[in-house]
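Listed in order, the protein sequences are those of chains G and A.
The working numbering runs 2 ahead of the 1-based position in the first sequence.
The working numbering runs 19 ahead of the 1-based position in the second sequence.
FYI, nobody ran anything at the bench for these hints, they're computed from the structure.
Predicted, not measured: the structure shown is a model, and the values here were computed from it.
Even for Gly, the Cβ is constructed at its ideal location relative to N, Cα and C.
It is possible that some hints are incorrect.
[Said to hold, decoys possible] Pairwise CB distance ranges (calculated): (1) A:84 - G:70: 42 to 48 Å; (2) A:91 - G:32: 30 to 36 Å; (3) G:66 - A:102: 40 to 46 Å; (4) A:60 - G:53: 47 to 53 Å; (5) G:16 - A:82: 28 to 34 Å; (6) A:60 - G:17: 23 to 29 Å; (7) A:75 - G:54: 21 to 27 Å; (8) A:84 - G:30: 31 to 37 Å; (9) A:82 - G:81: 32 to 38 Å; (10) A:71 - G:98: 18 to 24 Å.
[Claimed, not checked] Just a sample of chain G residues kept apart from chain A, beta carbon distances all over 10 Å, derived: (11) 47; (12) 65; (13) 89; (14) 99; (15) 113.
[Unchecked claim] List time: in silico PhoX-like cross-link candidates among lysine-lysine, alpha-carbon distance up to 20 Å: (16) A:38 - A:28; (17) G:70 - G:60; (18) A:55 - G:101; (19) G:51 - G:70; (20) G:101 - A:38; (21) A:41 - A:28; (22) G:101 - A:28; (23) G:101 - A:57; (24) A:38 - A:60; (25) A:72 - A:28; (26) A:60 - A:37; (27) A:37 - A:59.
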Amino acid sequence: AQSVTQLGSHVSVSEGALVLLRCNYSSSVPPYLFWYVQYPNQGLQLLLKYTTGATLVKGINGFEAEFKKSETSFHLTKPSAHMSDAAEYFCAVSVGGGKLIFGQGTELSVKP
Amino acid sequence: DTEVTQTPKHLVMGMTNKKSLKCEQHMGHRAMYWYKQKAKKPPELMFVYSYEKLSINESVPSRFSPECPNSSLLNLHLHALQPEDSALYLCASSVGETQYFGPGTRLLVL
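Go ahead and model the full structure; you've got the sequences and the hints to work with.
Take a look at the structure:
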C-alpha cells in the first residue's frame, strides 16, 4: 500500500537559513508526488509536483524538490528561509482514482 | 487560472440545522472533491465526483450529502451534524493527478 512519511512534525529555522523538509514515500507504481503549503486558516496551495521527467522540480516561492527513486524520497528545500514561509507543509502521493495520500504534515517556524 | 472558490468562509450551525457548502471552479476540471480537515492533521477525503457522477464515498455518514449540479459546481448538504463534525471543509478540483484546493469553509457545530 502506498504511504507517505514526513520526518519531523515541526521544523524551526532562522531567517536566511536553509529549509529542508523531508518526505519519504512508498508506492508500488511510479509515483506522482506533490508538496502543498497551508497558511493559517487557509486552504492548501500547490507548491510543486513531480510526475515524470526531470527529477529536480522547481516550485513557487523559491522552493524546489528532488525525486530520488533509489531513496524513495522527495525532500523539499529552499536556500534561504523568509518569515513568510512559516506554514504547514504537506507531502502527498497520488494513488490513482482521484486519491491523494498525505503525510502527517510538517510545521515550519522561521525565527527572526 | 487555478482558482477554486468556496462559500461561505465560516459557518456556525446547531445540531438540528440544515445548511449547504458551495464550491465552484471554472477551469474545466472534470473531477471535484470534498475533504474534511481537523486542526494539525492532513485533509481526509470524503467524496469524489468524476464527470458529475459520484465515484468515491469514503464511508461518510449520511448526514453529509454531496451534490454535483453541473461540471463547475459542487455542493455539500449538511443535516443533523454533531459537534465532532466541526472542522475545515475543503473542496478541490483536478486535472490529471494534480488537485487544486479552495480556501475552505470553517464549520462550527454547536
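Verification of the supplied hints:
Distance hint check for residue 84 (chain A) and residue 70 (chain G): the Cβ-Cβ separation is about 43 Å, which falls inside the suggested range of 42 to 48 Å. For the pair residue 91 (chain A) and residue 32 (chain G), the supplied restraint of 30 to 36 Å holds, since their beta-carbon distance comes to about 32 Å. Under the hint 40 to 46 Å, the C-beta atoms of residue 66 (chain G) and residue 102 (chain A), about 42 Å apart, fit the expected range. With their beta carbons about 26 Å apart, residue 60 (chain A) and residue 53 (chain G) fall outside the hinted range of 47 to 53 Å.
At about 47 Å, the beta-carbon gap between residue 16 (chain G) and residue 82 (chain A) misses the expected band of 28 to 34 Å. Under the hint 23 to 29 Å, the C-beta atoms of residue 60 (chain A) and residue 17 (chain G), about 28 Å apart, fit the expected range. At roughly 25 Å, the beta-carbon separation of residue 75 (chain A) and residue 54 (chain G) lies within the given 21 to 27 Å, and the hint holds. One distance hint, 31 to 37 Å for the beta-carbon pair residue 84 (chain A) and residue 30 (chain G), holds here, with the actual separation near 34 Å.
Between residue 82 (chain A) and residue 81 (chain G), the C-beta spacing of about 48 Å breaks the proposed range 32 to 38 Å. Taking 18 to 24 Å as the suggested C-beta distance range, the pair residue 71 (chain A) and residue 98 (chain G) conforms, at roughly 20 Å. Consistency note on residue 47 (chain G): stated as away from chain A, yet its beta-carbon is not over 10 Å from all of that chain's, at 7 Å minimum. Every Cβ of chain A is farther than 10 Å from the Cβ of residue 65 (chain G); the closest lies at roughly 16 Å, confirming the non-interface assignment.
Residue 89 (chain G), annotated as away from the interface, keeps every beta carbon of chain A farther than 10 Å; the closest lies near 13 Å. Against the 10 Å criterion, residue 99 (chain G) falls within the reach of chain A, whose nearest CB is about 7 Å from its own CB. At the 10 Å boundary, the C-beta of residue 113 (chain G) stays outside the reach of chain A, the nearest C-beta of that chain being 20 Å off. A distance of roughly 13 Å separates the Cα atoms of residue 38 (chain A) and residue 28 (chain A); the hinted pair therefore holds under the 20 Å criterion.
Only pairs whose Cα atoms come within 20 Å are accepted, and residue 70 (chain G) paired with residue 60 (chain G) is accepted, the gap being roughly 15 Å. Distance check on the hinted pair: residue 55 (chain A) and residue 101 (chain G) sit about 14 Å apart at the alpha-carbon level, within 20 Å; holds. A hinted pair counts as satisfied when its Cα atoms are at most 20 Å apart, and residue 51 (chain G) with residue 70 (chain G) qualifies at roughly 13 Å. For the hint pairing residue 101 (chain G) with residue 38 (chain A), the CA-to-CA distance comes to about 27 Å; that exceeds 20 Å, so the pair is violated.
Our distance criterion of 20 Å between C-alpha atoms is met by residue 41 (chain A) and residue 28 (chain A), whose separation comes to about 10 Å. The suggested pairing of residue 101 (chain G) with residue 28 (chain A) is violated, with an alpha-carbon distance near 25 Å, which exceeds 20 Å. Between residue 101 (chain G) and residue 57 (chain A) the alpha-carbon distance is near 18 Å, which keeps this suggested pair within the 20 Å criterion. For the hint pairing residue 38 (chain A) with residue 60 (chain A), the CA-to-CA distance comes to about 25 Å; that exceeds 20 Å, so the pair is violated.
Of the pairs offered as hints, the one joining residue 72 (chain A) and residue 28 (chain A) is violated, with about 26 Å between alpha carbons and a cut-off of 20 Å exceeded. For the proposed pair residue 60 (chain A) and residue 37 (chain A), the alpha carbon gap of about 26 Å is over 20 Å, so the pair is violated. Only pairs whose Cα atoms come within 20 Å are accepted, and residue 37 (chain A) paired with residue 59 (chain A) is rejected, the gap being roughly 27 Å.
In this structure, the hints that do not hold are numbers 4, 5, 9, 11, 14, 20, 22, 24, 25, 26 and 27, in rising order.
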